[in-house]
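Chain order of the listed sequences is A and B. Residues in the first sequence are numbered consecutively from 1, following my numbering. Residues in the second sequence are numbered consecutively from 1, following my numbering.
Hints were generated in silico from the structure; no laboratory data involved. Since the structure is predicted, the reported quantities are computational estimates derived from the model, not experimental observations. Even glycine gets a Cβ: it sits at the ideal position worked out from N, Cα and C. Careful, some of the hints might be misleading.
Partial selection, computed: residues in chain B whose CB lies under 8 Å from chain A [stated by the list, open to error]:
hint, residue
1, Asp29
2, Leu33
3, Leu41
4, Asp74
5, Ala90
6, Trp141
7, Arg145
8, Ala149
9, Gly151
10, Asp212
11, Asp306
2 protein chains.
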Amino acid sequence: VKRINEHETIRIILEAIGQPRVPYSMIGDDVALIPPRDGDLIAKVDMLVRKTDAPKGMATWQMARKSVVASVSDFAAKGVQPSAALLSLALPAGITRKEVQELGRGFRKARDEFGIQIVGGDTNESDDIVIDCCLLGFAEWITGRHGAAPGDRIVVSGPFGYPPVGLKILQDGVVVQESFREMAIASVLLPKPKLDLGIVMTTEGLLSSSIDSSDGLALSLHQLAESGEIGFNISKLPIEGRFAEFAEKSRLEIDEIVLYGGEEYEIVATIPEDKIKQANLMAERLGHHLIEIGSVTEEAGTVLFDDGIRRFQIEKRGWVHLG
Amino acid sequence: VKRINEHETIRIILEAIGQPRVPYSMIGDDVALIPPRDGDLIAKVDMLVRKTDAPKGMATWQMARKSVVASVSDFAAKGVQPSAALLSLALPAGITRKEVQELGRGFRKARDEFGIQIVGGDTNESDDIVIDCCLLGFAEWITGRHGAAPGDRIVVSGPFGYPPVGLKILQDGVVVQESFREMAIASVLLPKPKLDLGIVMTTEGLLSSSIDSSDGLALSLHQLAESGEIGFNISKLPIEGRFAEFAEKSRLEIDEIVLYGGEEYEIVATIPEDKIKQANLMAERLGHHLIEIGSVTEEAGTVLFDDGIRRFQIEKRGWVHLG
Chain A
1 VKRINEHETI
11 RIILEAIGQP
21 RVPYSMIGDD
31 VALIPPRDGD
41 LIAKVDMLVR
51 KTDAPKGMAT
61 WQMARKSVVA
71 SVSDFAAKGV
81 QPSAALLSLA
91 LPAGITRKEV
101 QELGRGFRKA
111 RDEFGIQIVG
121 GDTNESDDIV
131 IDCCLLGFAE
141 WITGRHGAAP
151 GDRIVVSGPF
161 GYPPVGLKIL
171 QDGVVVQESF
181 REMAIASVLL
191 PKPKLDLGIV
201 MTTEGLLSSS
211 IDSSDGLALS
221 LHQLAESGEI
231 GFNISKLPIE
241 GRFAEFAEKS
251 RLEIDEIVLY
261 GGEEYEIVAT
271 IPEDKIKQAN
281 LMAERLGHHL
291 IEIGSVTEEA
301 GTVLFDDGIR
311 RFQIEKRGWV
321 HLG
Chain B
1 VKRINEHETI
11 RIILEAIGQP
21 RVPYSMIGDD
31 VALIPPRDGD
41 LIAKVDMLVR
51 KTDAPKGMAT
61 WQMARKSVVA
71 SVSDFAAKGV
81 QPSAALLSLA
91 LPAGITRKEV
101 QELGRGFRKA
111 RDEFGIQIVG
121 GDTNESDDIV
131 IDCCLLGFAE
141 WITGRHGAAP
151 GDRIVVSGPF
161 GYPPVGLKIL
171 QDGVVVQESF
181 REMAIASVLL
191 PKPKLDLGIV
201 MTTEGLLSSS
211 IDSSDGLALS
221 LHQLAESGEI
231 GFNISKLPIE
241 GRFAEFAEKS
251 RLEIDEIVLY
261 GGEEYEIVAT
271 IPEDKIKQAN
281 LMAERLGHHL
291 IEIGSVTEEA
301 GTVLFDDGIR
311 RFQIEKRGWV
321 HLG
């Protein structure tokens with residue numbers, strides 16, 4: 001296999017992703033120009049290191065897509081449409097042309113899925129693949145981490161649990177039922193942040209606070225409770241009907257997986273009671289489904305589970321990266 | 001040595017750099033908010049990998065500072081004041097508290113030197129230290145890579161040659177005179193892009209085109225000539241009087257070092273003849289010194305050296321990273 005140089009790497013990726021639309025600047029100058037919109041500039045960086053962030057069985061294009069998804073998930077939680085991305089890559093000296101093409105394909109997929117222009121980047125050499133995605137957008141309003149009031153309902157944008165099970169299957173070889181296996185693995189390899197839902201709920205002013213959940217549900221709840229100086233009373237775990245059955249048959253601990261697993265890309269948010277109906281309606285219209293998991297209390301920083309049968313403090317710990 | 005976790009890493013760095021000024025958002029939410037200014041959003045990412053980008057003898061804080069300098073250099077060439085930076089880090093599991101403090105100190109130094117707010121970032125685990133800096137600013141006008149006309153003068157923002165010699169000393173143990181050695185090493189460990197000069201020259205409309213020179217003078221000239229569809233006639237190498245003497249005594253090849261060496265952080269620009277005087281004046285006022293090295297020709301893409309004694313094509317090749 002012939003080694004490819006930095007110049008060729010850029011050319012191959014550019015072939016895959018193409019140049020951004022006018023009036024975004026062409027890739028190639030020292031800096032990128034991004035047309036402004038109204039509001040503040042919103043920025044997020046997220047770095048993916050293959051060894052610690054790409055599970056076994058993840059294809060190269062899926063890894064590239066995931067490196068963008070991680071930041072998109074934060075934009076979803078804050079309700080902001082991202083405009084542009086810049087991608088810094090460190091690639092091993094021996095990387096093949098085909099692998100670089102696959103990276104380009106993954107970036108293109110993320111670009112098309114989330115309506116982003118890729119406006120620039122940087123390439124480097126390293127022993128492992130490292131991808132840093134800087135995501136940029138503009139917004140006149142974002143949903144912050146504080147703003148929740150006692151009585152607000154706590155919702156999540158979809159069921160939890162599949163990604164941690166998928167990781168157990170891919171990394172540790174855990175064996176589960178075939179239909180469970182498929183859903184769990186897909187949730188890890190092709191995570192789907194609910195960007196449309198996050199934007200609509202923020203634009204319509206439905207959320208009093210929100211956070212991304214990529215470090216796990218428990219940690220997200222704790223961070224949101226601390227920032228908002230309120231507490232949470234969780235009365236239900238956000239799982240689908242089939243999930244409990246699947247998990248039991250596979251002898252998996254549901255609490256552990258749903259609360260402390262990762263990497264989930266759901267929105268965790270609080271919604272004033274009088275807006276819950278509208279929020280549910282909007283979610284259904286977009287083909288999503290909000291799961292209500294509890295309500296906001298006055299006890300600042302306390303995250304309690306209580307479903308009338310079991311009652312325990314949800315611990316402040318979260319998803320620890322692979323490797 | 002006790003291992004530190006991601007949470008502690010963030011705390012140590014935050015202690016060193018502090019929170020950004022109001023109305024920039026505090027570090028900690030899912031995304032950063034940056035107040036907009038007039039004009040387009042300008043963005044640049046640059047990734048530093050310790051193994052390939054940090055020469056032997058570079059202190060940890062110098063490496064952290066350099067990771068920001070690389071992007072600042074591009075902003076200098078385009079004439080834009082950067083507003084904010086986001087920093088993604090990958091750090092080895094065994095990194096010490098002291099090393100993380102040093103990283104924070106380097107970031108703070110860069111922040112203060114160039115008037116940047118550090119508004120966010122990400123931390124990860126990797127075998128080598130990787131730092132990706134995303135630099136953001138706003139500008140109503142930047143100096144592009146095209147716009148030069150035949151007859152324009154070619155200038156650089158300072159002397160070339162010291163960084164390549166410094167790298168040879170640090171990496172290969174090349175021995176040179178003591179005073180030469182000091183200047184050469186300092187130029188590598190503490191590179192100083194001329195941000196103030198770049199901004200003033202662009203704001204005053206003095207430059208017809210410009211480019212950053214971190215891949216070496218020859219490559220920058222070729223890229224600028226190609227983008228501008230013009231040629232360059234170089235009549236003088238941008239070196240200081242002492243440099244030639246030093247280099248000869250140390251048996252170093254001046255052409256090779258000045259044209260194809262790296263990593264220089266100077267601005268390479270073209271200036272219409274009637275604006276040269278004003279540009280020189282402005283540079284002197286800021287304590288800098290423009291070096292005129294030739295003039296723009298009609299022969300698109302041709303970069304020729306001709307000082308009346310020697311005449312040769314300057315090759316299109318540049319700085320290759322360490323390791």
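Evaluation of the provided hints:
Because the beta carbon of aspartate 29(B) sits about 6 Å from the nearest beta carbon in chain A, less than 8 Å, this interface hint is met. For leucine 33(B), the interface hint holds, the least distance from its beta-carbon to any beta-carbon of chain A being 5 Å, beneath 8 Å. Contact between leucine 41(B) and chain A, as hinted, is supported at the beta carbon level, the nearest pair being about 4 Å apart and thus within 8 Å. A cut of 8 Å between beta carbons decides the hint on aspartate 74(B): the least distance to chain A is about 4 Å, and the hint holds.
Taken as an interface hint, alanine 90(B) checks out: its beta carbon lies about 5 Å from the nearest beta carbon of chain A, inside 8 Å. Against a cut-off of 8 Å between C-beta atoms, the interface hint on tryptophan 141(B) is violated, since the closest Cβ of chain A lies about 10 Å away. Because the closest C-beta pair between arginine 145(B) and chain A is about 6 Å apart, less than 8 Å, the hint holds. Taking 8 Å as the C-beta contact cut-off toward chain A, the hint placing alanine 149(B) at the interface is violated, the least distance being around 19 Å.
At its closest, the beta carbon of glycine 151(B) sits 24 Å from a beta carbon of chain A; the interface hint therefore is violated under the 8 Å criterion. At about 5 Å, the closest approach between the beta carbon of aspartate 212(B) and any beta carbon in chain A falls short of 8 Å, and the interface hint on this residue holds. A hinted interface residue such as aspartate 306(B) counts as satisfied when its beta carbon comes closer than 8 Å to some beta carbon of chain A; here the least separation is about 28 Å, so the hint is violated.
Figure legend: structure checked against the earlier numbered hints; hints not met, in rising order: 6, 8, 9 and 11.
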